[in-house]
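Required output: the full structure, derived from the provided sequences and hints.
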Amino acid sequence: MSFKDLGRELSNWGRWGPDDQIGTLNLVEPRHVQAAAGEVRSGKVFQLSIPVGKDGPQSGIGGRLNPVHLMSMQPDDWEPHGLQVADDWIIMPLQSGTQWDALSHVAYDDKLYNGYPTDQVRTRAGARQLAVDAFTDRIAGRGVLLDIARLHGVDWLEGGTAITPADLEAAEVAQGVTVGEADFLLVRTGWRGRLLAHGRDDWMSTEPGLGIDCARWLRDRGVAAVGSDNWAIEVIPSETGETLPLHCILIRDMGMPLAEILDLDALSADCAGDGVWSFLFVAPPLHISNAVGSPVTPIAIK
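This note's numbering numbers the first residue of the sequence shown as -12 and each following residue consecutively.
Read the hints as simulated data drawn from the structure, not as lab findings.
One or more hints might be untrue.
[Claimed, not checked] Quick list of the computed label-pair ranges, beta carbon to beta carbon:
no., residue 1, residue 2, range
1, R18, L183, 17 to 27 Å
2, M(-12), A153, 33 to 43 Å
3, L183, E229, 28 to 38 Å
4, A184, M60, 33 to 43 Å
5, R111, D75, 18 to 28 Å
6, R111, S46, 47 to 57 Å
Computed from a predicted structure; not experimentally measured.
Just so it is clear, CB atoms sit at the ideal spot from N, CA and C, and this is done for glycine as well.
Structure, rendered in structure tokens:
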């Protein structure tokens, strides 16, 4: 079965109406958010983003560079009473670090999610439909971390390792947790640790990640969104030989936002310590008009 055939089978086009902008985030209802608040027991807070700066993982592939951080300090003669003010500028691709992929990020056959034509995304105007600011108030709910690297007893999975539904279910059993409807699923491959240990050389030329069969598993479980500590969620090279087939299915066909380049190591260590692998997850994108992605600092609260 080609990824396009699988995408047609799993498609959510029209499921939430012809004008839908948020896809699988529709699954998260107020009752899910209310229940997720009950996951907070100790008050421990984990931020799940990598630092924003020149030492990020980008290598220039596809024009993505690491952020450039500039600063200014007003001289002491700027104001008669000696006031001095420092300011910052950040020049960066919005998807150069920890990020959300919006539903306008990926298309094929000239169609975006829900059948919107690709001309809804223009070079100067940005995304007129399916922009990232459509879900600034929708990324809050129960998060579940499945640690596949820990499951296999390694610091990180090797590049090109495809995670299967069987892996996800084995992690559920090992961790004593179940991924349910409207959950935000985070998958740890250890690839962030590989970056810290060996630097960014070759880090973005391959990666372990979800295999294409996980698409049906995610839909059957009713997952709201998925994130990982790698740079593209899915295994690279792909199992099909095509470029980003799982992106095409999850974003374009199913309408599922993706969170990439997360830092899950501290959260994983704590979950392994207390045996609690679910938490309140809050991760709104920046309120950027017409953007196809956004930097984010996700928070897990246990």
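Task: Indices of hints not satisfied (ascending) - done: Violated: hints 1, 2 and 6.
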